[in-house]
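There are 4 protein chains.
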Amino acid sequence: MAEVQQTGRGTAKIAGAEQASNGAAPGAVGARTLRVGVIGAGYWGPNIIRNLVALERCRLEAVCDADPARLAPIGRLYPAVRREQDARALIGDPALDAIAICTPVHTHYPLAKAALEAGKHVLIEKPMAHSIAAASELVELAAARSLTLMVDHTFVYSGPIKAMRALIESGEIGELLYFDSVRINLGLFQKDVNVVWDLAPHDLSIMDHLLQREPRWVSAIGSAHFGRLENLAYITVRFDGSLIAHFHVNWLAPVKIRRTVIGGSKKMIVYDDLDPSDRVKIYDKGVSINADRAERDRMLVDYRTGDMLAPKIDKTEPLSAVCSQFVDRSLDGKRPLTDGHAGLRVVRLLEAAQQSIARDGARVSL
Amino acid sequence: MAEVQQTGRGTAKIAGAEQASNGAAPGAVGARTLRVGVIGAGYWGPNIIRNLVALERCRLEAVCDADPARLAPIGRLYPAVRREQDARALIGDPALDAIAICTPVHTHYPLAKAALEAGKHVLIEKPMAHSIAAASELVELAAARSLTLMVDHTFVYSGPIKAMRALIESGEIGELLYFDSVRINLGLFQKDVNVVWDLAPHDLSIMDHLLQREPRWVSAIGSAHFGRLENLAYITVRFDGSLIAHFHVNWLAPVKIRRTVIGGSKKMIVYDDLDPSDRVKIYDKGVSINADRAERDRMLVDYRTGDMLAPKIDKTEPLSAVCSQFVDRSLDGKRPLTDGHAGLRVVRLLEAAQQSIARDGARVSL
Amino acid sequence: MAEVQQTGRGTAKIAGAEQASNGAAPGAVGARTLRVGVIGAGYWGPNIIRNLVALERCRLEAVCDADPARLAPIGRLYPAVRREQDARALIGDPALDAIAICTPVHTHYPLAKAALEAGKHVLIEKPMAHSIAAASELVELAAARSLTLMVDHTFVYSGPIKAMRALIESGEIGELLYFDSVRINLGLFQKDVNVVWDLAPHDLSIMDHLLQREPRWVSAIGSAHFGRLENLAYITVRFDGSLIAHFHVNWLAPVKIRRTVIGGSKKMIVYDDLDPSDRVKIYDKGVSINADRAERDRMLVDYRTGDMLAPKIDKTEPLSAVCSQFVDRSLDGKRPLTDGHAGLRVVRLLEAAQQSIARDGARVSL
Amino acid sequence: MAEVQQTGRGTAKIAGAEQASNGAAPGAVGARTLRVGVIGAGYWGPNIIRNLVALERCRLEAVCDADPARLAPIGRLYPAVRREQDARALIGDPALDAIAICTPVHTHYPLAKAALEAGKHVLIEKPMAHSIAAASELVELAAARSLTLMVDHTFVYSGPIKAMRALIESGEIGELLYFDSVRINLGLFQKDVNVVWDLAPHDLSIMDHLLQREPRWVSAIGSAHFGRLENLAYITVRFDGSLIAHFHVNWLAPVKIRRTVIGGSKKMIVYDDLDPSDRVKIYDKGVSINADRAERDRMLVDYRTGDMLAPKIDKTEPLSAVCSQFVDRSLDGKRPLTDGHAGLRVVRLLEAAQQSIARDGARVSL
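Chains as they are written, first to last, in this note's numbering: chain H, 1 to 366; chain G, 1 to 366; chain A, 1 to 366; chain X, 1 to 366.
Honestly, the hints are just simulated from the structure, not real lab data. Note that the structure is predicted; figures quoted are calculated from it, not measured. Glycine included, C-beta positions come from ideal geometry on N, C-alpha and C. Warning: the hint list may mix true and false statements.
Coverage of chain H stretches by chain G, computed from C-beta distances (three or more under 8 Å per stretch; other residues unrestricted) [claimed, not checked]: (1) 221-230; (2) 254-268.
Taking lysine-lysine pairs in the DSS-like style, the calculated list, with each CA pair at most 30 Å apart, reads [unchecked claim]: (3) Lys256(X) x Lys266(G); (4) Lys266(A) x Lys191(X); (5) Lys266(H) x Lys312(A); (6) Lys191(G) x Lys256(H); (7) Lys315(X) x Lys256(H); (8) Lys334(G) x Lys191(G); (9) Lys256(H) x Lys113(G); (10) Lys266(A) x Lys315(G); (11) Lys256(H) x Lys312(G); (12) Lys191(H) x Lys266(H); (13) Lys266(X) x Lys256(A); (14) Lys315(A) x Lys256(G); (15) Lys266(A) x Lys312(G); (16) Lys256(X) x Lys266(A); (17) Lys256(X) x Lys256(H); (18) Lys315(H) x Lys266(X); (19) Lys256(X) x Lys334(H).
To give an idea of the chain G side of the interface with chain X (calculated C-beta under 8 Å), a few residues [claimed, not checked]: (20) Thr33; (21) Leu186; (22) Lys312.
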């Protein structure tokens, strides 16, 4: 992949792709290695670092954080990795093929833009950017330069979500009726973003991946009990037909709840991420419209109750799959599962929710 | 109370009240008996009947239901009680002091109006009426005739709500921040009202009783997956300041959840009506605003975690207290805990929620 | 069945049986009615009464209790039923075909013996008798007179046990390895029997019905913290091979637990009688003996984890099936599911457990 | 501590102790460092290593494991630590003050004996040894040489156990009545020890620490479904009076349960180690002996139900406290909380349980 670094911006990826397909040795792709730098060693960065280090086709070259106290443990654990305090030292380094950005939300856009402009593949922690405009620009930039732009929507790579996606795709749960999500706990109050931008990206990316539908409008209500940032919010997303999604995110709850209920016309799913044994439960319960007119006068629907199945769930750490996907897609140039478009779709919902909150729940079209 | 029966409509209660205060024999009030008729022997009526029968100061005289199949078991259980198929036979009966109405929502208003006009004290199943106008008229009518008008907001009389009300009243949980309620299950689809009018009265009456605040506006979103009536809805109620209440009601859920979380600035409460052992849990958890400016730059709030207390809860059947309250207040003329005004406050929220649903979540002022 | 009433003791059943098989009119059996008297209207009696009354082929004629306060509510609910204070009034009544005994344990034997001798079919609350000798005598007496002798092992008729029995019978869970049962709560301390005789009959009868194996020996340990009766006990039952059953019964626990785990070589079952939604869970988990010698040096077994299925469970009240079974078997003369032999098998385990407790856990052969 | 290394066996500790008290510089103790070697880098060793490394007064010098594959990751994480494949290289090293033994149970005794004879302080993973004789010899050896002998009864150092110990010590739960423990899951089948020696040391050490009573006898029953080692066992421990303890350990359960119930005459405790929020719950429930003779005829005890309190629990990793305790006690010569005597008490119960299993539950005196 030495060529990639020298061909510079724009053509980098194409050169890489050519090399991949035209390289003399069969299986050369497998032999190549992605040289990665990580910006941000706060809460999430060390997890990304740990998973990147474990990948064969990846070489972690450098880690950057403005705070030396965060770099110290990285030095102890990975003495061979270069440590920097200025992000420009990584972005401008021709020996790096890719950059992973694990910094506060408002810095995602400038860092990612600079990295893409420097011809690097980019992985960004969720949410991808602080605005639709910023996210769109990153998507365009990556497309123009044929670079991999991926967002770390971690849950999309988890066992429960994969099992649920397969179930929905198979048609087994029938027509999708609703998606109800609760993510609450006594959490860390962020100082730069509110609870919507902090917690909702998880659930919005799960919904985006599971439903694969175009939302029509958003309505949201929030409350800021301490300062100006909302610490509690309710978000509704409407789709065509009667499909509806709703999200409760809350930093100020005495108990921890991470539960999603998906209603289908044939089956219903409960996903409780904190259930130690059965995280996904599929209920053979539902209602059927009663076709008999005489009956309809008495009651509109029939009930059906049945078995519940809790399928075996893959327990592999999802972040390992995120990192693996980023490395593989950067090397082979294919579209990652959670590409820039997925990141943009989530940002679009976040910005619409923010606007609706400012207008007391009035609907905001998408 | 012999006079009450002979003086007939309108003046009945006044005569009764005079007798109560002017009666020669001390303790005469305790000796009197309320003669009650129950209209409606469907789902809830038999429960009201069972509890009325058990009260010493009450005599169940008659039960009415248009469906003879519902009257048959009443006859077997209470052979001495008169059975009727026409409500007018009870409302027009001068030998009855009071009427309990346990019929579908849209019949509450005409039946209650007729009963009040006939000089009867009235107990109505929740919600009190189908519209603000109808509920207001009943309140005025009862006031004009000095009759007891009471709504069966059953939960207000339950052990958990009483324990929570005492806690909030004592100031122990601090400033009220939010009220979050979930009431979902695979329920009976009603054919005359949607899920808002069916399930939300429970939670709105609980909120009304616990918070004792004037709501400012309502925003609600619903979805009707089968026919025209919403089977799933999310309702937000805003108060002055940052206090917010939110309700999720759903007839179409694979699991049954009945949980309310109340956030206070000092403590937080979780009320899980389905927890077999600890229905109310009080968490000594919270956040405090950090006064130090330098600290505030780092993080906005401090956390505090502490003990959890699950107080012993009174397990008396709340409907017994409802019936006892109705009988006692009808006899002594004092204001019942859940009077017509309480019923009207809940109907006001229901109608506002319905309007907001029709407008995709736009706020409706109260 | 007119003959039955006149032929009196001893030959009653034979006459009845002849009539059943020789009766001229086809379907005559279905048309007959069992005339039943109930002795004991304390805790369990009223439940038996309520279920007997609801059966078409049964006529509740009389109820007996030494305490008039217990008869009063029976009189209010069932005015047509005769009330007596002396059991002999029922046992000696030629107009009764059958007797249900719901009295303290030590009275089961004399009452049942007298009733059988008087030619009545007999249903006895669990445990059937206070000793093996007494239980054996009742079994012999019923056999000699061709009368129905049935014990109310209620759980055997419940949805969860029926589902589990079907599963075990089908061979789906493989070889039975263990049966582990916990039944604890802050319960009513009985004054006539200890916790073994009070609670363990439930679990021993469940085990007897599910496993259908001959136990070899019993070992038990108990503790009496208040007075002379054990309020906590642990009972082990051993079968041929490596199958083992264990029971924990406790009147003095702060939490209520009703859980049985059944280990099979192919699947395992968890039965939690207090789980509101999924009372029976079938786990596709297990171990397989590792045949590979080299592997065996490293580890003896392989693990297998898989799906969990919670089948839909019949929620019919089991006591209704108990009463229905008693009436039908008394009328048709066939063997009831929980006959005197089943009652005797449970009493045998109880007496052995009691003996082992007296000897600090030493094994007692059966 | 230089003298310690040179004075050699036997007097090592005394020399160290003298130095501690007679050293010229005040605060010298605090300045000294314990030089430790760890034998065994399988499942538990790396956890011990991670916690030792984090301690200021400890220097991890060497790690030994016969399997080089286990040493490799140690080398990557701690490049400065010497790696050895032969335990004698550590035991014979005069530059080491202490040895931590994290190897299979049957090797504990020879390794610990050699280490003590070499004048090293010794920390041993639970159970301390494979027999009473072996454990006793280690206790005597350590006493004779004034060396620290400590067993890693990890749970004793955990937040829940510390909270429960304080509660029992305060007398708040009243007289101790019973201790009931369940530790089951689909676990790793050990090839060298049965489930009693593998899992029960946890619960026996918890009991030993919480109750602080001398047990009188043991009764145990076990079953070996695969091979010769028991994979399921029930152990009863009797004390003077009516205090009783019972343990269920099981490698072959479909669900994971880690729960201890402690019954006291005033309060009761439920400790559920898997409860994510409330691991210790204190119930103000109980019974009181009814002194009234007339009442006693009706029922022997009165019930008392009350509040439940879940105190805030310290979440510090207990193994960190174990390692810290070992280092501090080795340096200051004081008795560690879980010393050799504690280890011996647990081994005594294990051996008695094993004997009882061989005799089908017959009691084995201690």
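Which numbered conditions among the earlier hints are violated in the structure presented, ordered from lowest to highest? Violated hints: 3, 6, 8, 9, 10, 12, 15, 18, 19, 20 and 21; rest satisfied.
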